[in-house]
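Visitor: These protein sequence lines are chains G and P, in that order. Numbers -15 to 100, taken from the working numbering, label the letters of the first sequence in order. Numbers 304 to 415, taken from the working numbering, label the letters of the second sequence in order.
Simulated from the structure, these hints should not be mistaken for laboratory data. Some clues are possibly wrong.
Okay, the calculated beta carbon distance ranges per label pair [unchecked claim]:
id: 1; chain 1: G; residue 1: Gly0; chain 2: P; residue 2: Thr323; range: 41 to 51 Å
id: 2; chain 1: G; residue 1: Gln65; chain 2: P; residue 2: Asp320; range: 45 to 55 Å
id: 3; chain 1: G; residue 1: Arg(-2); chain 2: P; residue 2: Thr321; range: 44 to 54 Å
List time: in silico BS3-like cross-link candidates among lysine-lysine, alpha-carbon distance up to 27 Å [as the list claims (entries may be wrong)]:
id: 4; chain 1: G; residue 1: Lys11; chain 2: P; residue 2: Lys344
id: 5; chain 1: P; residue 1: Lys306; chain 2: G; residue 2: Lys46
id: 6; chain 1: G; residue 1: Lys11; chain 2: P; residue 2: Lys340
id: 7; chain 1: P; residue 1: Lys370; chain 2: G; residue 2: Lys28
id: 8; chain 1: G; residue 1: Lys28; chain 2: P; residue 2: Lys410
id: 9; chain 1: G; residue 1: Lys35; chain 2: P; residue 2: Lys344
id: 10; chain 1: G; residue 1: Lys28; chain 2: P; residue 2: Lys344
id: 11; chain 1: G; residue 1: Lys28; chain 2: P; residue 2: Lys340
id: 12; chain 1: P; residue 1: Lys343; chain 2: G; residue 2: Lys11
id: 13; chain 1: P; residue 1: Lys306; chain 2: G; residue 2: Lys28
id: 14; chain 1: G; residue 1: Lys28; chain 2: P; residue 2: Lys343
Every residue, glycine too, gets a C-beta built ideally from N, C-alpha and C.
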Amino acid sequence: NAGVMQNPRHLVRRRGQEARLRCSPMKGHSHVYWYRQLPEEGLKFMVYLQKENIIDESGMPKERFSAEFPKEGPSILRIQQVVRGDSAAYFCASSPSGDSINYGYTFGSGTRLTVV
Amino acid sequence: EDKVVQSPLSLVVHEGDTVTLNCSYEVTNFRSLLWYKQEKKAPTFLFMLTSSGIEKKSGRLSSILDKKELFSILNITATQTGDSAIYLCAVGRPGSNYQLIWGAGTKLIIKP
Chain G
-15 NAGVMQNPRH
-5 LVRRRGQEAR
5 LRCSPMKGHS
15 HVYWYRQLPE
25 EGLKFMVYLQ
35 KENIIDESGM
45 PKERFSAEFP
55 KEGPSILRIQ
65 QVVRGDSAAY
75 FCASSPSGDS
85 INYGYTFGSG
95 TRLTVV
Chain P
304 EDKVVQSPLS
314 LVVHEGDTVT
324 LNCSYEVTNF
334 RSLLWYKQEK
344 KAPTFLFMLT
354 SSGIEKKSGR
364 LSSILDKKEL
374 FSILNITATQ
384 TGDSAIYLCA
394 VGRPGSNYQL
404 IWGAGTKLII
414 KP
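Model the full assembly from the supplied sequences, consistent with the hints where possible.
Guide: Written out as structure tokens, the structure is:
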């Protein structure tokens, strides 16, 4: 069981470029969550997706950020026209159901985005 | 505003010492509190607590919840250098089955 796989582990983008972060959930998990972690801050919820559906995107910035979880392939978090303030660690987690606070998520190793 | 506060923010001890990490919360309709360990990679699940006064234990780690005083502690006895990590505490967001409200973490450094 490979666990939650995120890639790339590190991503450097210049201001104005696009960043694409990928997440493959654990085998058997169909629920994916994206979190952002700024230095010395807690994880902040961004979006919750099931296959082909966005369930809750209340934590996503209104502009430049989007997420998808297609029928085939990994979940993608896309950040367009990146700015320095987007520099952070982005974590993906998965669970077998949407009732995940009752038993905890399984996290990926994260993608550390640096905008220069 | 719902929030989770961890203390101390950082802690340096020597191998063999015992440490206590604190997590206090202000959340309506509390359901569960979770502890995670984060090294230089994925946060890994340690404990989930839902009931007051019942200690959860795993090896040298243990945790307990006080729902009256709204806090939890994580104890690590006979610390080892491999315990060095950031310890994260999170509480279920009211009205959600999946969103967690996270504390900023306690950075624990164990010196040999």
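Visitor: State for each hint whether it applies.
Guide: Taking the hints in turn, this is what the structure says about them:
As the Cβ distance of glycine 0 of chain G to threonine 323 of chain P is approximately 47 Å, the hint placing it in 41 to 51 Å holds. Distance hint for glutamine 65 of chain G and aspartate 320 of chain P: a CB-CB separation of about 48 Å, consistent with the stated range 45 to 55 Å. Checking the proposed 44 to 54 Å range against arginine -2 of chain G and threonine 321 of chain P shows it holds: the Cβ atoms sit about 48 Å from each other. Of the supplied pair hints, the one linking lysine 11 of chain G and lysine 344 of chain P holds, its CA atoms being roughly 20 Å apart against a limit of 27 Å.
Restraint check for lysine 306 of chain P and lysine 46 of chain G: the C-alpha separation of about 23 Å stays at or below 27 Å, so the hint holds. Of the supplied pair hints, the one linking lysine 11 of chain G and lysine 340 of chain P holds, its CA atoms being roughly 22 Å apart against a limit of 27 Å. About 24 Å separates the Cα atoms of lysine 370 of chain P and lysine 28 of chain G, which keeps this hinted pair within 27 Å; it holds. With a C-alpha separation of about 18 Å, the suggested pair lysine 28 of chain G and lysine 410 of chain P falls inside the 27 Å cut-off, and the hint holds.
The suggested pairing of lysine 35 of chain G with lysine 344 of chain P holds, with an alpha-carbon distance near 25 Å, which does not exceed 27 Å. Pair hint lysine 28 of chain G plus lysine 344 of chain P holds up; C-alpha atoms about 17 Å apart against a cutoff of 27 Å. Only pairs whose Cα atoms come within 27 Å are accepted, and lysine 28 of chain G paired with lysine 340 of chain P is accepted, the gap being roughly 17 Å. A distance of roughly 23 Å separates the Cα atoms of lysine 343 of chain P and lysine 11 of chain G; the hinted pair therefore holds under the 27 Å criterion.
Annotation: proposed proximity of lysine 306 of chain P to lysine 28 of chain G holds, straight-line Cα distance about 12 Å (limit 27 Å). Taking the CA atoms of lysine 28 of chain G and lysine 343 of chain P, the gap is near 18 Å; set against the 27 Å cutoff, the hint holds.
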